[in-house]
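Colleague: Residue numbers (the numbering used here), protein chains in the order written: chain A, 1 to 301; chain B, 1 to 301; chain C, 1 to 264; chain D, 1 to 264.
No wet-lab data here; the hints were simulated from the structure. From the three backbone atoms N, C-alpha and C, an ideal C-beta is built for every residue, glycine too. Some hints here could point you the wrong way.
What the hints assert, rightly or not - Covered by chain B, per the in silico footprint, the following chain C stretches (three or more residues, Cβ under 8 Å):
#: 1; region: 200-206
#: 2; region: 211-220
As the list claims (entries may be wrong) - Once the Cα atoms are required to be at most 25 Å apart in a straight line, the calculated DMTMM-like pairs of lysine to aspartate or glutamate come out as:
#: 3; chain 1: C; residue 1: K116; chain 2: C; residue 2: D157
#: 4; chain 1: A; residue 1: K155; chain 2: A; residue 2: E280
#: 5; chain 1: B; residue 1: K141; chain 2: B; residue 2: E101
#: 6; chain 1: D; residue 1: K257; chain 2: A; residue 2: D167
#: 7; chain 1: C; residue 1: K246; chain 2: B; residue 2: E81
#: 8; chain 1: B; residue 1: K82; chain 2: C; residue 2: D256
#: 9; chain 1: C; residue 1: K257; chain 2: B; residue 2: E140
#: 10; chain 1: A; residue 1: K82; chain 2: D; residue 2: E263
#: 11; chain 1: B; residue 1: K141; chain 2: A; residue 2: D75
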Amino acid sequence: MQFLGKVIPSPLTLASGILGISFSSLQRVIRDGAGMVTTKSLSLEPRIGHEGPIIAEFEGGLVNSVGLTNPGIDDGLLEVEKFHNEFAGVSIVSVFGANSEEFVNLARAVNHSKGDFLELNLSCPNVEDEFKRPFALVPEKITEIVTAVKAVSNKPVLAKLSPNANDITLMAMLAEQAGADGLTMINTLGHGMVIDAIARRPVLRNNFGGISGPCIKPLALKLIRDAYKQVKIPILGTGGVSNGLDAVEMMMAGASAVAIGSAVYERGLDVFKITRMEMEAFMSEHGYEDYTDLIGILEEN
Amino acid sequence: MQFLGKVIPSPLTLASGILGISFSSLQRVIRDGAGMVTTKSLSLEPRIGHEGPIIAEFEGGLVNSVGLTNPGIDDGLLEVEKFHNEFAGVSIVSVFGANSEEFVNLARAVNHSKGDFLELNLSCPNVEDEFKRPFALVPEKITEIVTAVKAVSNKPVLAKLSPNANDITLMAMLAEQAGADGLTMINTLGHGMVIDAIARRPVLRNNFGGISGPCIKPLALKLIRDAYKQVKIPILGTGGVSNGLDAVEMMMAGASAVAIGSAVYERGLDVFKITRMEMEAFMSEHGYEDYTDLIGILEEN
Amino acid sequence: MKRDRQTLPIAAIREENPSLRTFRFDTQLEAQAGQFVMLTLFGEGEKPFSILDENADSVYITVKNVGPFTNRLFELQVGALVSIRGPYGVAFSLENKRVLMVGGGFATPPLRFLAKSLRARGIDYLVNVNGARSQADLLYVSDFEELCDRSLIATDDGSLGHRGTSVDVMQDILEEETFDCIYISGPERMMKAAVDVARKYGIPFEVNLERYMKCGVGICGSCVMDPNGLILCKEGPVVGHETLAKVQEFGVSHRDKTGRILEI
Amino acid sequence: MKRDRQTLPIAAIREENPSLRTFRFDTQLEAQAGQFVMLTLFGEGEKPFSILDENADSVYITVKNVGPFTNRLFELQVGALVSIRGPYGVAFSLENKRVLMVGGGFATPPLRFLAKSLRARGIDYLVNVNGARSQADLLYVSDFEELCDRSLIATDDGSLGHRGTSVDVMQDILEEETFDCIYISGPERMMKAAVDVARKYGIPFEVNLERYMKCGVGICGSCVMDPNGLILCKEGPVVGHETLAKVQEFGVSHRDKTGRILEI
Ligand SMILES: Cc1cc2nc3c(=O)[nH]c(=O)nc-3n(C[C@H](O)[C@H](O)[C@H](O)COP(=O)(O)OP(=O)(O)OC[C@H]3O[C@@H](n4cnc5c(N)ncnc54)[C@H](O)[C@@H]3O)c2cc1C
Ligand SMILES: Cc1cc2nc3c(=O)[nH]c(=O)nc-3n(C[C@H](O)[C@H](O)[C@H](O)COP(=O)(O)OP(=O)(O)OC[C@H]3O[C@@H](n4cnc5c(N)ncnc54)[C@H](O)[C@@H]3O)c2cc1C
Ligand SMILES: Cc1cc2nc3c(=O)[nH]c(=O)nc-3n(C[C@H](O)[C@H](O)[C@H](O)COP(=O)(O)O)c2cc1C
Ligand SMILES: Cc1cc2nc3c(=O)[nH]c(=O)nc-3n(C[C@H](O)[C@H](O)[C@H](O)COP(=O)(O)O)c2cc1C
Ligand code: FES
Ligand code: FES
Chain A
1 MQFLGKVIPS PLTLASGILG ISFSSLQRVI RDGAGMVTTK SLSLEPRIGH
51 EGPIIAEFEG GLVNSVGLTN PGIDDGLLEV EKFHNEFAGV SIVSVFGANS
101 EEFVNLARAV NHSKGDFLEL NLSCPNVEDE FKRPFALVPE KITEIVTAVK
151 AVSNKPVLAK LSPNANDITL MAMLAEQAGA DGLTMINTLG HGMVIDAIAR
201 RPVLRNNFGG ISGPCIKPLA LKLIRDAYKQ VKIPILGTGG VSNGLDAVEM
251 MMAGASAVAI GSAVYERGLD VFKITRMEME AFMSEHGYED YTDLIGILEE
301 N
Chain B
1 MQFLGKVIPS PLTLASGILG ISFSSLQRVI RDGAGMVTTK SLSLEPRIGH
51 EGPIIAEFEG GLVNSVGLTN PGIDDGLLEV EKFHNEFAGV SIVSVFGANS
101 EEFVNLARAV NHSKGDFLEL NLSCPNVEDE FKRPFALVPE KITEIVTAVK
151 AVSNKPVLAK LSPNANDITL MAMLAEQAGA DGLTMINTLG HGMVIDAIAR
201 RPVLRNNFGG ISGPCIKPLA LKLIRDAYKQ VKIPILGTGG VSNGLDAVEM
251 MMAGASAVAI GSAVYERGLD VFKITRMEME AFMSEHGYED YTDLIGILEE
301 N
Chain C
1 MKRDRQTLPI AAIREENPSL RTFRFDTQLE AQAGQFVMLT LFGEGEKPFS
51 ILDENADSVY ITVKNVGPFT NRLFELQVGA LVSIRGPYGV AFSLENKRVL
101 MVGGGFATPP LRFLAKSLRA RGIDYLVNVN GARSQADLLY VSDFEELCDR
151 SLIATDDGSL GHRGTSVDVM QDILEEETFD CIYISGPERM MKAAVDVARK
201 YGIPFEVNLE RYMKCGVGIC GSCVMDPNGL ILCKEGPVVG HETLAKVQEF
251 GVSHRDKTGR ILEI
Chain D
1 MKRDRQTLPI AAIREENPSL RTFRFDTQLE AQAGQFVMLT LFGEGEKPFS
51 ILDENADSVY ITVKNVGPFT NRLFELQVGA LVSIRGPYGV AFSLENKRVL
101 MVGGGFATPP LRFLAKSLRA RGIDYLVNVN GARSQADLLY VSDFEELCDR
151 SLIATDDGSL GHRGTSVDVM QDILEEETFD CIYISGPERM MKAAVDVARK
201 YGIPFEVNLE RYMKCGVGIC GSCVMDPNGL ILCKEGPVVG HETLAKVQEF
251 GVSHRDKTGR ILEI
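Could you put together the complete structure from these sequences and hints?
Modeller: Structural data, given as structure tokens:
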């Protein structure tokens, strides 16, 4: 199948922030069966991120406050180059800037790399103290940043949206109008707190974080569906996918490909291979020939 | 312990919309161990609500689209009268209006009942087609409705807030400033879609609904915590509580009492008795004498 | 929270009479007589139906065409996808050895399933009274004959068996014999009459109640009965005589889709 | 997703030397030698620590005071609440019967636990080489003496045992005897030297690696090794000779807290 013009062996993609800090991780994930990989969100300067614990489990998934740990765009892009060095695999370079100028500088840097796509993380809920309200919640910011990036970027651009936006369909439309080539949705749901009652303390060092995993799947499905009905650009669906049925549902809702994050924790890196097998089993049982046959075919009641 | 001046045997409360359609249900829930009960949200006219399926399970909880089924305020208040008839129990009458006039009329009706508290459902995510954006997402609406209701109501008034509000602390402050005596938080998270991949259809007849259950607990804890730090009025916490530890966590975050909804499905009506026992076991093990010792004692990192 | 919803095709449809059809689904529910499923027709709605029978391969329900949902179901052909969840609710007890079953109208499917289950378990003496308006409305006559030691019929118009109601026949039988338990399934007025008779003779009984059900899992409150708050979808639909004594609305009132009280 | 985090008081603190303390927690982890826990100090952070020992009642870790987190831990008294999760990672294998253990500096705790486990399981011949800068830095000398058939010591300054490194002693031993497996735990340079020796003699080995670890559960990517993408927190910290052959960064480089490459 294809995604934004690139041939991919499977629609299953590594979500940003999971393992994807080094070329070794990224290559490994492709070898283990993913169709594409997304890097951690890279910023202009290196970032240590928050102190641990950065991940707290709860009944419905994970709450994380990694805080955008990354080696910075220069070292990050070295990893992307090494990833592509004599290795076949499609990469999505995720970047995070504090304003549209930073996004533009990041996009320019990515232009010179072998990275296949550029993903704009407009929606990290973990760095609000530092960067204020996520851009993905502010219509004008979406338009401003996507427009500015599209003016300089030579890569197809994905805008990553936040489930916290009150009107995500509007955000999707604005991103499309500003020239985005695709959407990634959804980022983690902000904000969750996991409490350790014995210690009377939040588990996360940063007190709260973004919610991911099975618990956000119904939200992701609804938002992807709404966006799918409004925009023509492809959607990289993400949020709570942990098995083949989840991935099928997400594609039926309207995703053209599906990214997996938290389930790597739950099921290990095999999740890509197993999920793909589960999807294919479903498809052959129910008479679907191609992954693309699934996209958007949900019939609403 | 006390909640808004009423003595209650336990902080565990039946959340609005669960069973609470008739005096029989409400009395039963008290007999089965709840400290207070909330009625379904009553509107001026009777409402059939949405067609079934109105409830879809998923890994993290429930998605419901009941659509505010209720017998209307007149018949509903007859149930409240029967509930209080020779029966000791504290009731919260939940009401839902299409605008502030309707809320005022509902509040006036409740004035003449034996109901103990009035809860304003400002945040039902299931009737947006009909009523547009939930009031709890619109700062001016919170102020307008709470102010208008407080001007006529002779009952303590709880404003029920939505986790979809971008800035719930603001909403909490506005409700307090407008005179609310307490807050109920949170309502279900809007919107979730559960998909039946075999049928290629959303499970819910209404396609989507509000998300509740364990999956929303981290969100509820964070929002309750944020509100607790900003307002002085008590908070009736709700969202994903299904055992004693959950309830303890919610009180530590800042809730003065805790309402249980979806867990009635998971654990049956015994959930009130069992959760109370679990809370007491925790409290005696860790040296808390009174439920009120728990309120807000979380220490942030 | 686990999913228990199954989406599957209608495997077979049998017409019992112009307004009554039996639908087969090839799945396993491990249901017992008296339990029900919630059936979804996509784009239409979801409604409760008693399980008529279950064997190693299939589950059956019998449906009367009475309104929009059942109309739509009657339009569907074999192969159409529907969704079922369940089984839900409390089944008839199976411990009794001398048993009388009293059925009225089209509420007899659960009694047929019950007769089969009692037989399979081993029973000393099983009597069935099958009542309907007239011969054409009688269901499963030969099945009951086969499964029961005595199988009696009552029709309002006397077109078959005793002229009168199944409760009349029940009364006659109780003059002659006694039972460990009486199982009753039919329209509520008929069940009320049967219950009065059973009480008169001091015989334990179980009734199969119906109330408006929306969630089927004890959360929405639609099916809750007054004044004891019995949650019929979870604690029924089969209710024993001791519990029924507390359900004062039995035979008197029920609630509509909004929760308002209506007289029966 | 289940929780495996436990919050509990420090049950006891033992000072091994001024910069090294052993902490006891009264809980059960069912840990094996080589595995680690993530330890949270509230308001401070969370860091990985090897398990020194576990018995029926308690789990022990030994900590060297090297920076802000360990400073803070050294300020805590018995009774202070901390949180641990784990055990995580791959342990040393226990199948071998003729075993050489080579430890350097303060990375010997896992070897002590390993010696105990091998003994408990039954072993033919167990030799330990314990190396440190000087006598004062040597750990568990009497424990190793008790648990092993031969227990040798190397100090850089010759203040006890052989003057030189544990790798020198290892080399001498391998000239005389052979083993099924060599278990190596120490600073990375020392392990690199030991691995070269083990390879020279063609003896299988397992090393106990350390990398910066933040999540401990294979999700954050901090601990992943080049170029094969070994996820050390899940697929290590104990790594066998075959896998190690693919980990080209061993002894060469590691990554800092941001993921940038640093030379070793
Ligand atoms: C436990 C239980 C078991 C049942 N078993 C069977 C069965 O085996 N076969 C069968 O044909 N019918 C059964 N019913 C009744 C069946 O649910 C209704 O016939 C069906 O819902 C009618 O829907 P409709 O849209 O076709 O008609 P409507 O026009 O909507 O209703 C016609 C009548 O059906 C009843 N009804 C409607 N909706 C419901 C509902 N959600 N819950 C309960 N009753 C309702 C009411 O009495 C109503 O007056 C059962 C009901 C219950 C509660
Ligand atoms: C699998 C494993 C087992 C370990 N077992 C032990 C043990 O049994 N006893 C013990 O004292 N120490 C052990 N460590 C090292 C221990 O984690 C660090 O000493 C500790 O994190 C230092 O934190 P700090 O804030 O005190 O010092 P810092 O000033 O933060 O760091 C000092 C040095 O400690 C190391 N370090 C710091 N943070 C980490 C981290 N998150 N992950 C790995 N290394 C880190 C780095 O080498 C750093 O240069 C182990 C590490 C790993 C990966
Ligand atoms: C530990 C962790 C780190 C993440 N880091 C990033 C990040 O750096 N950039 C980003 O755009 N999204 C990040 N995300 C969000 C994921 O890419 C994904 O959108 C989200 O987790 C929902 O998918 P899931 O439910 O499959 O995990 C992170 C998620 C997790 C769990
Ligand atoms: C089936 C169902 C019906 C509900 N109906 C109402 C309602 O009528 N009014 C209201 O204010 N909240 C309603 N809610 C929301 C609950 O009161 C509660 O705020 C929410 O479910 C979160 O709590 P929980 O996770 O314990 O279920 C409903 C929730 C469910 C699951
Ligand atoms: S049908 Fe919902 S409670 Fe019984
Ligand atoms: S420490 Fe996070 S992946 Fe290993």
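Colleague: Quick one: which hint numbers does this structure break? Sort them smallest to largest.
Modeller: When the structure is compared with the hints, numbers 1, 3, 4, 6, 9 and 11 turn out to be violated.
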